[in-house]
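For the protein sequence lines, the chains are A and B, in the order given.
Heads up, the first sequence is in the working numbering, so the first residue is 4 and it goes up one at a time.
Heads up, the second sequence is in the working numbering, so the first residue is 4 and it goes up one at a time.
Because the hints were derived from the structure by calculation, they are not lab data.
Keep in mind that a hint or two might mislead.
Same chains, same names: a pair is fine if it fits in one copy or spans any two.
[What the hints assert, rightly or not] Below, simulated BS3-like cross-link-like pairs (lysine-lysine); rule was C-alpha separation at most 30 angstroms, straight line:
hint	residue 1	residue 2
1	K104	K191
2	K123	K153
3	K153	K121
Quantities reported herein were computed from a predicted structural model and do not represent experimental measurements.
Spelled out from the first residue to the last, the chains are:
There are 2 protein chains.
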Amino acid sequence: MQIQLAIDRLSIQEGIEIAEKARKHADWIEVGTSLIKEYGMESVRRFKEAFPEKVILADMKTMDNAIYEMNLCFQAGADAATVMGAAPFATVEQCMAAADKAGKKLVIDLLGTDEEEKKKLYTLENAILCFHISKDQQEHGKPEQLVIHKPAGLQQKTAAAGGISMETLDEIAAYSPDILIIGSAITKAEDPEQAAAAFAEKIKQKERI
Amino acid sequence: MQIQLAIDRLSIQEGIEIAEKARKHADWIEVGTSLIKEYGMESVRRFKEAFPEKVILADMKTMDNAIYEMNLCFQAGADAATVMGAAPFATVEQCMAAADKAGKKLVIDLLGTDEEEKKKLYTLENAILCFHISKDQQEHGKPEQLVIHKPAGLQQKTAAAGGISMETLDEIAAYSPDILIIGSAITKAEDPEQAAAAFAEKIKQKERI
Chain A
4 MQIQLAIDRL
14 SIQEGIEIAE
24 KARKHADWIE
34 VGTSLIKEYG
44 MESVRRFKEA
54 FPEKVILADM
64 KTMDNAIYEM
74 NLCFQAGADA
84 ATVMGAAPFA
94 TVEQCMAAAD
104 KAGKKLVIDL
114 LGTDEEEKKK
124 LYTLENAILC
134 FHISKDQQEH
144 GKPEQLVIHK
154 PAGLQQKTAA
164 AGGISMETLD
174 EIAAYSPDIL
184 IIGSAITKAE
194 DPEQAAAAFA
204 EKIKQKERI
Chain B
4 MQIQLAIDRL
14 SIQEGIEIAE
24 KARKHADWIE
34 VGTSLIKEYG
44 MESVRRFKEA
54 FPEKVILADM
64 KTMDNAIYEM
74 NLCFQAGADA
84 ATVMGAAPFA
94 TVEQCMAAAD
104 KAGKKLVIDL
114 LGTDEEEKKK
124 LYTLENAILC
134 FHISKDQQEH
144 GKPEQLVIHK
154 PAGLQQKTAA
164 AGGISMETLD
174 EIAAYSPDIL
184 IIGSAITKAE
194 DPEQAAAAFA
204 EKIKQKERI
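Only chain A is shown next, with the shape it has when bound in the complex (with noise of 0.2 angstroms):
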């Protein structure tokens, strides 16, 4: 299991600040929409000069305008993009042709499709496919538990997020997604470096068991 940190709700520098504290334990780091929608492609260039040697994603959420929207990301230095899976499957298809010319990756954010949607999805082999509880789902809505339904037999890398914590890590790793999606919980905590260690070595103590 890989660390994705995800930077959300901060300014690009109070987030590069962040991120460069959990730099030891983090093998993604997430560009957040939030930080997508206020400062622009500007905050994908930003972390990718601070952070060469890692994997950053772009939370790009997209919705439409696939080519455009994964080239935007993709030439600011974004090695991997998001695109919804409530999409229409054309954005998606449009989106996994863009990542995979230019040699990028695409996860696919699973958030609101249902079964038949997911179906659908499966069918695109190199896509990574992201489980995923909304922080809105989180915070206003009914409580629900993030459930990873893979089904037997699905070939791709799968990843998991939604107030994932050390409180709730246990459960999350008992699906082993190949990635786990951290946010708050290292980038608010009192002490990102020790959160993102304690994150690290608990990983590494499942994987040896």
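Position chain B against the provided structure of chain A, taking the given hints into account.
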């Protein structure tokens, strides 16, 4: 019927120059998702400065982080913002509350929503409902026709978007949406001023009948 001029896939400066040409004929100016993701809230600020008398819509396409994203664009000067109907309902509700609180308008983009989702969305009385065929559906998917299934008794205002041109205007106008969203048919016209004037004239004619 009002005209919403959608500005997409352009620099801020190019977009402002084109909107300036169509100024007399557009009631709403949309800062497109592509501008927001490329330039961030600077795009919204610049358009509101340039067109203080227009309704400036930020096409945020919010999928999560409702209150943060709404406040982001409202503070930058947006008079209206979009949320995706395909987002978890908690997100749409929170966007509606944030818009009501700020005295702004919320447009729900119905792209990718099914009938069950639409039914829930129709309960949000202050929202404007946007019937939408996406760019990718127009360019890459099965060609779909923009149809406005407005159930009897629906009180909300409606908007229509999706490749509206002088050729398809009759078809769409038959549904009498309150807002016609027009992008490239004006922005990519050889003479955007003349194109916008032609749309405005044709709409006026229709409303006389």
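So, going through the hints one by one against the coordinates:
no.	hint	result
1	K104 <-> K191	between (37 angstroms within a copy, 28 angstroms between copies)
2	K123 <-> K153	both (14 angstroms within a copy, 29 angstroms between copies)
3	K153 <-> K121	both (10 angstroms within a copy, 28 angstroms between copies)
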